[in-house]
Amino acid sequence: MAPRIGPFGEWALPYSPVIDSLRGAIVRPLAALILFVALAVAHTWPLATAPATLSRNDNKDTVLNAWAIAWVAHALVTDPRHVLDGNIFHPERHTIAFSDPVIVPGALAVPIRAAGAGPVLTYNLLLLAGYALSAWAMQWLAWRWTGDYGASLVAGSLFAFNAHSLVSMGHIQAIHAYGLPLLLLGLDGLCRPDRRRLWDGLLVGAATALLALTSGYLAIFGIVCGLTVVAARWPELREPPLRPLITASLAGAVLIAVLVLPVLRAYREMRQAQGFSRSLDLVAAMSANGAAYAATPARVHERWARDVYQRAEPKDSLFPGIVATLLALAGVVSLEAGLRDPRVRVAVALAIVGVVLSFGPATPVYDVFYRAVPFASSVRAASRFGVLWLSGLALLAAFGTAALTRRWPRMAIVTSVLAVAAVNVEAFRGPVPYVRAPEPSPIYDTLAALPPGVVAEMPFWWRPIDVPRNANYMLDSTRHWKPLLNGYSGFTPESYRKRADILWYFPFRAASFAELDRAGVSYVVLHLPEYGSQRREARELIAASGRWRIAAASDDVVLYERIR
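Each residue of the sequence shown is one higher than the last, beginning at 8 in the working numbering.
Treat the hints loosely; a few may be bogus.
Unchecked claim - Capping the alpha-carbon separation at 27 Å, the derived lysine-lysine pairs in DSS-like fashion look like this: (1) Lys67 <-> Lys505; (2) Lys489 <-> Lys67; (3) Lys489 <-> Lys505.
Since the hints were derived computationally from the structure, they do not count as laboratory data.
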């Protein structure tokens with residue numbers, strides 16, 4: 008067999024279908040992953056320069072999620088059955104379920120934490136991984152759908168690095184969205200009468216589990232994706248053979264049941280115990296408005312975006328980019344099949360459904376969705392349905408890029424490179440502002456070595472506007488993992504509110520000492536700077552109570568241990 012003449016002349020490897028197959032199965036996907044890792048570093052710059060210390064810790068949701076991931080990683084190793092029983096809001100159960108479960112990111116964090124990484128470094132590494140993996144999954148889907156490698160890189164970039172995702176660094180669960188493209192890929196296989204393999208059903212089940220075990224929002228997005236695909240491709244689903252479709256679907260359902268039902272049961276128990284739901288009035292307050300679809304943090308649109316943010320007060324950032332919009336339009340009008348292509352129909356339907364649902368109760372559709380879809384009443388920020396809009400647009404942009412490269416085949420590589428570069432440049436918002444994460448006080452190492460017991464951190468924040476300040480206490484608790492009376496999450500239980508009415512006045516009222524007794528608190532951590540000019544009086548009152556002794560102290564923090 009004659010050698011193929013390449014850039015290295017006759018020394019190039021001889022041509023072989025096996026080599027070409029390996030190139031398609033390994034080299035190109037690996038190259039795509041490397042590209043997306045580099046793009047993740049670029050879009051979050053300068054995070055990679057100091058990932059152990061740089062943080063968005065000024066955003067309390069970042070701190071909440073850093074704690075949650077650390078807890079899940081800890082519980083998966085020490086007590087997997089109680090992975091949702093976070094150590095906050097003692098003695099409440101299922102406290103992880105007060106927000107998103109983040110079990111998938113937490114599982115990915117296990118080896119990182121085992122290697123000695125702190126919660127900030129763990130969070131940052133998982134943030135970069137989430138961006139790269141989400142882009143990679145969408146690239147795989149777009150490659151399968153268009154057959155065009157360059158177009159798939161465009162879709163991956165648009166899905167992972169867009170206006171919404173780049174302002175959502177504090178919500179890492181939203182970044183780990185790779186389950187959505189995988190779900191669409193599995194559903195596509197089930198819709199095709201000539202395919203319908205067991206693998207497609209299992210992929211649907213695994214992708215759904217990834218979504219549900221990462222975020223409640225993603226789980227509901229997955230339900231909406233499934234309904235959208237069924238509506239857009241119903242004629243195909245009805246075509247025989249139906250037995251492989253039923254078998255594969257049942258296999259996927261069994262996988263979902265095994266992986267997700269225990270978590271859903273815990274969420275249901277929490278909702279019943281706490282009376283948890285989101286009213287339509289609250290949803291309306293956090294729904295998108297027209298300005299959201301013009302809002303972007305991108306540098307190239309800085310002047311325009313500043314005006315949008317200041318004058319129109321957008322309820323989210325959902326602008327897809329000019330290049331992405333033009334490519335998406337090309338995907339609809341340039342293809343020979345156009346909307347007759349079922350995959351194009353799915354992409355268009357996803358974009359439309361995402362826009363409609365993002366406006367929340369402003370449209371009558373949302374009321375039906377709210378009452379008919381399981382767990383839809385848990386959604387607070389309807390604007391996040393804009394993710395489906397951006398997903399559909401990313402796929403349409405891939406179809407558009409593929410159409411352009413087919414139209415001008417000699418310029419295919421140049422067209423693809425320019426498209427990938429353009430959509431990333433238009434989305435770029437760097438350098439991203441970060442803060443330096445503070446080092447925990449050494450008293451938490453002392454606390455970790457003390458016998459088991461409940462911890463109360465003071466001040467015990469009372470006003471709803473101040474409750475998020477408990478997030479710092481939670482992050483510090485990753486040093487000792489003892490039960491914590493304090494807490495912050497997407498939901499605040501009534502038990503915390505009642506307790507805060509009393510403990511806010513610690514140690515200046517006798518009732519606060521009695522409340523600590525009732526709660527079974529063994530350790531109190533007093534943060535002196537928060538007491539200002541009353542810090543000396545606070546310490547004197549604690550000493551005078553005769554119930555507590557100092558176990559450790561620094562200039563800013565005092566650890567008290569109950570006198571037994």
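Evaluated hints:
1. Lys67 <-> Lys505: Holds. Lys67 to Lys505 sits at ~22 Å (cutoff 27 Å).
2. Lys489 <-> Lys67: Given pair Lys489, Lys67 holds - Cα atoms ~21 Å apart, limit 27 Å.
3. Lys489 <-> Lys505: 22 Å, holds
When the structure is compared with the earlier hints, no violation turns up for any of them.
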